[in-house]
Amino acid sequence: MIVIEAEGLKKNFGNVKALRGISFEVKRGEIFGFLGPNGAGKTTTVRILTCILKPDSGKARINGYDVVRDTLKAKQSIGVLPEVSNAYPDLTAWQNIMLIASLYGMRRSEAEARANELLKEFGIHERKDAKVRGFSKGMKQRLMLSMALISDPEIIFLDEPTSGLDVQSARMIREKILEIANERKTVFLTSHNMDEVNLLCDRVAIVNKGKIVTIDTPERLKSRVGGNVAIEVSFGDKVVLNLENAERFGNKYVIYTTNPYKTICEVVDFARKSGTKMISINTRTPTLEDAFLKLLEMER
Amino acid sequence: MKCLAIAKKDIVMYYLKGPVVIFGILLPLFLFLAFWIGRNLPLNFLIAGLISMTVFFASTSVSPVIAPWEGQMRTLERLLTCPISTTTIVFGDILASITFGIGISIVPLLLALGFGLMLNPVIIPAIILAAFCFSCLGLLFSAYPTNLPSTIMMISSLIRFPLIFISGIFIPIQELPAWGKTISMLSPLTYFTDIVRVSLGMSSFLPLYLDFIILAGFSIGFLALAIKLHEHALLRRL
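As they're listed, the protein sequences go chains A and B. Quick note on this note's numbering: the first sequence kicks off at 226 and runs consecutively. Quick note on this note's numbering: the second sequence kicks off at 853 and runs consecutively.
Just so you know, the hints here were simulated from the structure itself, not pulled from any lab data. One or more hints might be untrue.
No more than 30 Å apart at the CA atoms, straight line, and that leaves these computed lysine-lysine pairs for BS3-like [to be verified]:
{"hint": "1", "chain 1": "B", "residue 1": "1033", "chain 2": "A", "residue 2": "298"}
{"hint": "2", "chain 1": "A", "residue 1": "252", "chain 2": "A", "residue 2": "235"}
{"hint": "3", "chain 1": "A", "residue 1": "519", "chain 2": "A", "residue 2": "502"}
{"hint": "4", "chain 1": "A", "residue 1": "362", "chain 2": "A", "residue 2": "284"}
{"hint": "5", "chain 1": "B", "residue 1": "869", "chain 2": "A", "residue 2": "284"}
{"hint": "6", "chain 1": "A", "residue 1": "235", "chain 2": "B", "residue 2": "860"}
{"hint": "7", "chain 1": "A", "residue 1": "252", "chain 2": "A", "residue 2": "487"}
{"hint": "8", "chain 1": "A", "residue 1": "356", "chain 2": "B", "residue 2": "869"}
{"hint": "9", "chain 1": "A", "residue 1": "345", "chain 2": "A", "residue 2": "356"}
{"hint": "10", "chain 1": "A", "residue 1": "242", "chain 2": "B", "residue 2": "1080"}
{"hint": "11", "chain 1": "A", "residue 1": "362", "chain 2": "B", "residue 2": "1080"}
{"hint": "12", "chain 1": "A", "residue 1": "477", "chain 2": "A", "residue 2": "487"}
{"hint": "13", "chain 1": "A", "residue 1": "298", "chain 2": "B", "residue 2": "860"}
{"hint": "14", "chain 1": "A", "residue 1": "279", "chain 2": "B", "residue 2": "869"}
{"hint": "15", "chain 1": "A", "residue 1": "487", "chain 2": "A", "residue 2": "235"}
{"hint": "16", "chain 1": "A", "residue 1": "345", "chain 2": "B", "residue 2": "1080"}
{"hint": "17", "chain 1": "A", "residue 1": "463", "chain 2": "A", "residue 2": "477"}
{"hint": "18", "chain 1": "A", "residue 1": "345", "chain 2": "A", "residue 2": "362"}
Being a predicted model, the structure only gives us computed values, none of them experimental.
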């Protein structure tokens, strides 16, 4: 069952074309990653899907509800953790979470039970009557996630949920994301953390300059970089290595290959012939970051 | 009611602060003293002015800066993702402002009773209607899409202070020249001051029912305009 649908979304801000026709679908129970460089159109897409902005053209549906015509119904089925957002600093954690529960029209008893459960789960129950002003960044983010989940939504939009957090808070949030997906709920995750996206997401969309570059599983994306093995080699001198699929990073090269033995022999031959000292050579599988950068490079 | 939740949030976040409450009482009191000292004016005339100014200033003091504060604190986007409309947000903000305006108006009312003045009960619906009208006006000040509260305060002061002087608070409308009378009709505060004067036993410039109708008309106009303008302005604050 499709729960998030975007169909040819276009949005301009003055002369800036933020979205140039974004289309994708997300199935129920999926963790869907949305990646792209800064200014690619991620936040604009999320704001349209969460009914904050209206698209100039195209359609978007959340749980079958049109985001422009059935705004309130669409909003009722989602929970949102916006990227740039705060809880009210002069309200307590409890007042903040109960405010959101009221705005979702929850009954008081139901809201209190759910709020207690979430605040305990995220380790902030003991501070529930403290003003948010005194919370650490990790605690604030855990509270924000509790606020996003208070209505037990079918679809959760998380925009950079672990950005700048301590290890403990980040891990707690990642575990919760997996738990949510296990409950057959849908997570729309925007992140710059490639390891996180690789670890959590079933499928990933890469967006650039307001367009979708590709949508695939993390494993398939990684295999698209030109090989299934990445060889990292560093030289003592500055050299020019002319091998297929070789990319330079300072005095280090990364070569993507399907035949690591042959490639290593070529690299060693090159070092011998050019009289260059080889400092180190490692093999690893390509990462999602490699795939991301490669795909964006191909777009240029 | 979702707008009640917004109003409750506003009251805790923005209104229940010592400086806000003290300033809400002191500003009209200082204006009143500046006007009173050295002049031989009847007490009911002065108290009528004080009540009008207090309701006006209290109802327009915080409501204009809520939206820019929310934009600046980055709480606005969280609010906008909830299943509520702009109308609900505006109504919530207005409700909080009315509550504050009515609450602060108790101070000059007690002062009037303390001086032994008799108050006509018509003043109660008048204060409620005026607090509503001025709260809607306050929301209009913040329709300019900036997240700088100082800019909104400047716009607000540029409009509020001239309104005080053209609304018959310091000089009765009856004593104004023809052009002054015409200008005073443009201010909603004129009609509220007129009702307050009547409730304190003075003569009115307009029939009482007309004061109420015009004040209600201003309220509806301000409210409709505030909702319309905030639908665009809120998004530009993100």
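Evaluated hints:
1. For the suggested pair residue 1033(B) and residue 298(A), the alpha carbons sit about 51 Å apart, so the restraint of at most 30 Å is broken.
2. Of the pairs offered as hints, the one joining residue 252(A) and residue 235(A) holds, with about 22 Å between alpha carbons and a cut-off of 30 Å not exceeded.
3. A hinted pair counts as satisfied when its Cα atoms are at most 30 Å apart, and residue 519(A) with residue 502(A) qualifies at roughly 28 Å.
4. For the hint pairing residue 362(A) with residue 284(A), the CA-to-CA distance comes to about 36 Å; that exceeds 30 Å, so the pair is violated.
5. Among the hinted pairs, residue 869(B) with residue 284(A) is inconsistent with the structure: their alpha-carbon atoms are about 45 Å apart, more than 30 Å.
6. At roughly 38 Å between alpha-carbon atoms, residue 235(A) and residue 860(B) are farther apart than 30 Å, so this suggested pair is violated.
7. With a CA separation close to 42 Å, the supplied pair residue 252(A) and residue 487(A) exceeds the 30 Å bound.
8. Between residue 356(A) and residue 869(B), the direct Cα distance comes to roughly 15 Å. Compliance with the 30 Å bound is thereby established for this hinted pair.
9. Only pairs whose Cα atoms come within 30 Å are accepted, and residue 345(A) paired with residue 356(A) is accepted, the gap being roughly 17 Å.
10. At most 30 Å may separate the alpha-carbon atoms for a hinted pair to count; residue 242(A) and residue 1080(B) meet this at roughly 26 Å.
11. Between residue 362(A) and residue 1080(B) the CA atoms are separated by roughly 36 Å; this puts the pair beyond 30 Å, and the hint is violated.
12. Annotation: proposed proximity of residue 477(A) to residue 487(A) holds, straight-line Cα distance about 19 Å (limit 30 Å).
13. A distance of roughly 24 Å separates the Cα atoms of residue 298(A) and residue 860(B); the hinted pair therefore holds under the 30 Å criterion.
14. Only pairs whose Cα atoms come within 30 Å are accepted, and residue 279(A) paired with residue 869(B) is rejected, the gap being roughly 37 Å.
15. This hinted pair does not check out: residue 487(A) and residue 235(A) have alpha carbons roughly 47 Å apart, beyond 30 Å.
16. Between residue 345(A) and residue 1080(B), the direct Cα distance comes to roughly 42 Å. Violation of the 30 Å bound is thereby established for this hinted pair.
17. With a C-alpha separation of about 9 Å, the suggested pair residue 463(A) and residue 477(A) falls inside the 30 Å cut-off, and the hint holds.
18. For the hint linking residue 345(A) to residue 362(A), the alpha-carbon distance of about 18 Å falls within 30 Å, and the restraint holds.
In the structure shown, a violation is registered for the earlier hints numbered 1, 4, 5, 6, 7, 11, 14, 15 and 16, in ascending order.
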